[in-house]
Amino acid sequence: MKRTLLLVGILFVGITSFAGGPEYEKAMGQALVKFEKCQSAPDFREAANQFERIANVAQGEWLPSYYRAHCFIIMSFIDKVDGETKDTYLDEAEKSITKMLELAPDESEAHTMHAFYYSGRLVVDPGTRGMKFGMLSGQAVGKALKLDPNNPRAQYMQIQNEMGKAQFFGKDITELCQQAKIAHDKFDEYPVVSKIHPTWGKRELQNLSTSCNTESHD
Amino acid sequence: MKIFTFLVCSLLSIQVLAQSNIQGLVIDDQGQPLPGANVYIQGTFDGASTDLEGKFVIKTDLEGDFKLAIEFLGFQSRFYDLVLPTNSWNETIELKERFNELKAATISAGAFEASDTKKAVVLRPLDIVTTAGASGDISGALQTLPGTSTVGESGKLFVRGGDSEETATYIDGLLVYKPYNSAAPNTATRGRFNPFMFSGTVFSTGGYSAEYGQALSSALVLNTNDMPEQAQLNLGIMSVGGDIAGTALWDRGAVTASLNYLNLGPYLAVVPQNYSWDKPVQTATGAIGIRQKTGKAGMLKFYTNVGESSFVLTQNNSNYEENRLKVDLRNRNAFTNLNYLTPLSDKLILKVGGSYTLDEDRIGLNSDEYREDLSGWHGKVSTIWQVAERVKLRSGIEMFGQEYAQGYLADSLDFQADFTENRQAVYMESDVHLTNRIVARIGGRGEHSQLLDQWTVSPRLSTAYKINEYTQVSAAYGWFYQNPLDDYLIYSTNLKLERADHYILSAQYVKGSRTLRAEAYYKNYDDLVKYDASKPAFQTTYDNSGTGFAYGVDVFWRDKTTIKNGDYWVSYSFLESERDYRDYPGEAVPTFVSKHNFSLVYKHWFSKIRSQVGLTYMYGSPRRYNDLNEDGFNEGRLKAYNSLNMNVSFLYRQNIIFFASATNVLGVKNEFGYTFSNQPNSSGEYTKEAIVPGADRFFFIGCFITFSKNSQLNQLDKINDQ
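Chains as they are written, first to last, in my numbering: chain A, 1 to 218; chain B, 1001 to 1722.
Hints in this document: simulated from the structure, not taken from any laboratory.
Below, a list of computed lysine-lysine pairs in the DSSO-like style, where the Cα atoms sit at most 30 Å apart:
id, chain 1, residue 1, chain 2, residue 2
1, A, 181, B, 1608
2, A, 99, B, 1392
3, A, 195, A, 26
4, A, 99, A, 34
5, A, 195, B, 1059
6, B, 1096, B, 1511
7, B, 1347, A, 95
8, A, 165, B, 1709
9, A, 37, A, 95
10, A, 95, B, 1293
11, A, 171, B, 1709
12, B, 1560, A, 132
13, B, 1067, A, 34
14, A, 95, A, 143
15, A, 80, B, 1511
16, A, 171, B, 1564
17, B, 1103, A, 132
18, A, 95, B, 1103
19, A, 80, B, 1564
20, A, 165, B, 1560
21, A, 99, B, 1096
22, B, 1709, A, 132
23, A, 95, B, 1392
24, B, 1608, B, 1560
25, B, 1103, B, 1560
26, B, 1293, A, 146
27, A, 146, A, 165
28, B, 1564, A, 165
29, B, 1055, A, 37
30, A, 143, B, 1296
31, A, 181, B, 1709
32, A, 99, B, 1293
33, A, 143, A, 202
34, A, 171, A, 143
35, A, 195, A, 146
Using the sequences plus the hints, can you model the full thing?
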């Protein structure tokens, strides 16, 4: 009798409480498989929906919000729509960023995504937003690097920001390309916390490190 | 025991066997499919997104009572009860668009808004300071917008056939009694406030909110910056002086202190002038601004400045001995503004504020001395209440106090006159979105003047209809009251408030960064003050028998898209206006009116050399002047006004900007009117003297440096400070 009750209990627990458990990991795994395959804005929206569903259930987890924000930020870059619509994507990203930072205020990755979000706002209207959001992005990257100087994604955001500024001021970017190359070469040394933690950045650093080569063709 | 075994078995069997198929179609209220909607079983990971046809399919092994949620950005979510397992669930789900203030129709008739926070605005705050010819002056920049006339001898805002006194300036909702610097007769003045203090500006050319009273023509509403983002030190080194400003931050608070000193001496020595300056213009201003966040979303703002300015100048004037008028001006002024804003609930915001203005002019006119003392305060308690999703109610109670005195000291005369005025006001105004496409603003303002012992009630109505995503038409109507000028009230209080009625029709098209606006208006003036002498004086008789009208069309076009790295706007105003007021013998065209006003502003960013070049061309058709040697009143015609202005800013380093500007680069000889002698000469002619600007051109160069911790900042928004 006792054993049976216990069994019933276990079954119910299995159904109702996913947070942090294998169900959560499985759902995240599936979502990340989809995320990896995303090409177009509708793809990213679908992935964002999936992360949102997970975030709604796994209330204590910051990663679903992290990825949801990432989807909307990428959408703001790739979708060919007017600035106002891009801002509505970034409004959605902001909601997830706020939630994520509440859950993981000391997470270097979270602040890196925050910096990425500010860059998204900047790109919508660089002429009028350049100064404000450039500064805010810089501040967020600074926080991320302070929490973890070796985080290659934070390094990427930092170099990317610096490169934008250098190109604007017509400064030499060779050194930044070298920094990107070093960060790229050391990328695999950075430990992967879990299968569902962020791993992006290697390809982006690769692109940055080669931008000096393309620059010289101009 | 058997029962338990059965229960366990059945639960297990469900886990293994029951798979449900839930499908449907998500559409909007027009029947169009909504791709990308999020459909999921609440409390679980199971769900799907709708495809391009709006369809979704969810396969799930869940069992029990659940809720199916359907969510889509910008639409109201819907929920369905769901009993699982099921194989027959198939629904067409219609989502209603959520009310979105940003996408809905907005009250826009009459108003030009410059803001960083709002999305669809005509101007950005940066536009105000980077406009060539504006010389970093707010009213200078606004003169490139339609509805304004360029009146070179004043520099103030003249809106839609209204006199400069008919525009009221508000900072954070509080009245500024003296928005302009004191200037010599017939010389252009500048606004007293630094444009960089403000992150939002609403320039209304008519039909404005019931929140603003005491203005017949126009309201200029300036909103100060919120919290600065970073500690920094700014230095400005200019051909006409220097300034320094520092910002320090603490937990949820910040202070900015600035000092500014201008001296036109070295400049006047180098560049030839039309006037003879005995002592150059010198101005010193100190300001402190404090910001403190309180509670969850409260904010306390404090700002104060004190300033002093002086100059001595000699002008030609045939009404004075040897045709010389020597003006020796000393001005002292102070302005303080305190504002506290706090949400009382998530639907109700409370604002409490007070402002105080002090201004003291001592003006020597040859051997005479004229003095003017003004002190004024304004207290206001207001609320913004989101009554319902589509209904917003603004209301407030206000108190105004003003003391004003004029004195004139000459050989034979020691004259002094003053008055004290207290006013009380209440206003209430509601914005109602009848649908997403239609918004109506209904409001009214009641005001009592103690000095004139008069109550006024001003209804204000405004409505907008959004035809499609890009196009909106709107209309506005209202009554506007204003006290007679201080110059009259010191002599007579047996007067009524002056009145203007506005009728406005407007159409606006905004797509991306292109904006087209056209407005037609009619304005009727009543109860204007008239007097029976050529100038207001002690024995003069005053009454409110004056009348007038103004009508016209304003057109505005802005395009930031067509020219890469280029941005331009074009304004055209057509204006017909006559009035019978002051000493006019009958209805006549006032001297500040020009029938056609045109301006073109162009800015180009050259990324290779990190420089922005700005050009502004302004044209005003001939204005009137009263030629005493001819018949009729205000029948003389001046030359048309023409001016081409230029500026260049160069971003040398991240934090260092060089800036240069020149007004009227073509050197056109503009004239702003004539002064006539009081008495005819021996041949019966009145001698006349042209009113010309102090110099045909004004040149400025400056360098602005910003020091901050991570040197990310610069004064890009400051490149046109002078």
